[in-house]
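Residue numbers (numbering that gives the first Met the number 0): 0 to 293.
Worth double-checking, as some hints may not be accurate.
What the hints assert, rightly or not - Capping the alpha-carbon separation at 25 Å, the derived lysine-lysine pairs in DSS-like fashion look like this:
{"#": "1", "residue 1": "LYS95", "residue 2": "LYS141"}
{"#": "2", "residue 1": "LYS141", "residue 2": "LYS225"}
{"#": "3", "residue 1": "LYS203", "residue 2": "LYS123"}
Stated by the list, open to error - Distance ranges between label pairs, derived from CB positions:
{"#": "4", "residue 1": "SER245", "residue 2": "GLU31", "range": "50 to 56 Å"}
{"#": "5", "residue 1": "ALA108", "residue 2": "THR189", "range": "27 to 33 Å"}
{"#": "6", "residue 1": "THR164", "residue 2": "ASN113", "range": "23 to 29 Å"}
{"#": "7", "residue 1": "LEU114", "residue 2": "THR190", "range": "28 to 34 Å"}
{"#": "8", "residue 1": "ILE226", "residue 2": "SER81", "range": "49 to 55 Å"}
{"#": "9", "residue 1": "ASN113", "residue 2": "GLU264", "range": "43 to 49 Å"}
{"#": "10", "residue 1": "THR164", "residue 2": "ASP33", "range": "51 to 57 Å"}
Note that these hints are calculated values from the structure, not bench results.
Only a predicted model underlies this, so the values are computations on that prediction, with no experimental measurement involved.
By construction, the Cβ of each residue, glycine as well, lies at the ideal position given by its N, Cα and C atoms.
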Amino acid sequence: MKKSTLFVAMAFAATTSFAQLTSKNGEAYLPETDDWSIGIDATPFLNYAGQMLSNAGATAPTWNFLNANQTIIGKMYTSETSAYRAILRIGMTSNKSVAMIADATVTTAPTYPNLIAMKEDEMKAGTNFIGIGGGIEMRRGKTRLQGFYGGDAMIWSSGSKQTYTYGNTLAASGTIVTAAASTNFGSNMTTDTYGNTARITEMKAGRTTGFGLRGFIGAEYFIFPKISVGAEFGWGLGITMTGASSTTMESVGGTPLSVGTQTIEGGKSSSLMLDVDRNAFGTGNGSLRLNLHF
């Protein structure tokens, strides 16, 4: 009898919780017209709550993006049942390394306490990524459990380049200076197509451009006013194209000796995907997400 009473009480409490659309302080649980929303990965918060309940030693939750690609995903509600979705990532990296190397034109050893004449070699590396997308979301449901569906479209592009400048200029006469008199930064020393030692002056990866179009469906539950936990799945088309890479190098070779430059191009590639997905082509995954509305 006690178990039956407890079950009825729990069922009643759950039903009341689902039906309640305002908090005790009069705050609305569901999003309203002109509200904005941003989504983050809910996993750290759920792990924290589980550790607290199990006495396993809780670790403070971290604020994570929806995936490893640092993509911002937000929404703007045009009504209580519809919203625009925005997807954005604009990023770049730039690195520089400078190394000292002996002046190859100096052929006599220094006398004490003079130092060997030195020159600078320099490497610069950079990457860039831009991704922009948008979509329309429709919503349904009369309780704190809300379903949603709609479509997204996105275009993105990424590229990278490395450049090298050398203190020792190559020379094929007088004091002969070959590519061997250069700093090895890890990927800049090679051989030309004739087998001569060569040094790379520029290396560009083929630019990758992609387009995605998908439909999605999902659900979320509002655990607090304007704060929900949800997930979505989708089906769509993704197209990716990568252009040819290029590597420019210089070396000393031939008969008689001369300084020469070669530029070698790589291949191109493309791919097409049409499938069920858990992520919007790198814009958020199918794991639980925490949505904050304001």
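Pairwise hint evaluation, LYS225 against LYS141, where the allowed Cα distance is 25 Å at most: holds, 15 Å
Please verify whether LYS95 and LYS141 have alpha carbons no more than 25 Å apart. violated, 56 Å
Using the Cβ atoms, figure out if SER245 sits within 50 to 56 Å of GLU31. Given about 53 Å between the Cβ atoms, the range holds.
Would you say the C-beta atoms of THR164 and ASP33 sit inside 51 to 57 Å of each other? holds, 53 Å
CB-CB spacing for GLU264 and ASN113 relative to the 43 to 49 Å hint: With Cβ atoms ~46 Å apart, the hint holds.
Range hint 23 to 29 Å: satisfied by the CB atoms of THR164 and ASN113? Hint holds: Cβ distance 26 Å, inside 23 to 29 Å.
Hint says 28 to 34 Å; check whether the CB-CB distance for LEU114 and THR190 agrees. holds, 32 Å
Measuring from beta carbon to beta carbon, are ILE226 and SER81 in 49 to 55 Å? violated, 20 Å
With the threshold set at 25 Å, check whether the alpha-carbon distance from LYS203 to LYS123 stays at or below it. Holds - the C-alpha atoms of LYS123 and LYS203 are around 12 Å apart, at most 25 Å.
Within 27 to 33 Å or not, the Cβ separation of ALA108 and THR189? holds, 30 Å
Hints 1 and 8, counting from the list given before, are not met by this structure.
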